[in-house]
Amino acid sequence: NLEVWLDSPLDVAGFQFEVSGITITGASGGSASDAGFTVSFSTTTVIGFSLTGTTIPASDGVLLNLTFDGVTGDGICLSAAVISDISANGITTEYGACLDPADYFNGGCSDMSACNYMENIDFDDGSCTYAEENYDCEGNCIAEIDDCDVCAGDNSSCTGCTDENACNYDSSASVDDGS
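In the working numbering, the protein residues as written are 1006 to 1184.
There could be a bad hint or two in this list.
[What the hints assert, rightly or not] Simulated restraints on C-beta separations:
no. : residue 1 : residue 2 : range
1   : T1043     : N1125     : 28 to 36 Å
2   : D1108     : N1160     : 48 to 56 Å
3   : E1143     : V1087     : 50 to 58 Å
Because the hints were derived from the structure by calculation, they are not lab data.
Beta carbons: idealized from backbone N, C-alpha and C, even for Gly.
Put together the whole structure using the sequences plus the hints.
If you want it as structure tokens, here you go:
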């Protein structure tokens, strides 16, 4: 849950703003709800207004609460805000600093197939690590080990002529290739 605050010296008749860094799944509550505003949202944009002409009184408080499904960026930022008074005049807008998700939410790896999967996190912070192909997360081979002692190998790394009397003898070979 993320609170969006409004500090306005004027009554507000409508608002619209974009949010980056999260995927919005809901917008409700706050002074917008108290004023009976209709609030709509997409994954990145929130818009609110009154169908009956009511306004949000001049105040400093929670405009609304956003619910979201995952953090999508390094910062959660508001932008492209349009706030209007009862006469549809724009109200000058200033934005607070972007929020660093790590300061407010519990991040970690949300991919259950990753070696460092974490339950009960607020967002995936991109820290997932995965096992190397043919190995588990502890570094153990999970494939067949070949005659050369190579995980998922094809015996090619240790084949050659093992006949010490042959001209093409290969002292590093442990599997004779018949040459």
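Which numbered hints are broken by the structure, listed smallest first? Of the numbered hints given earlier, the structure breaks none, since each of them holds.
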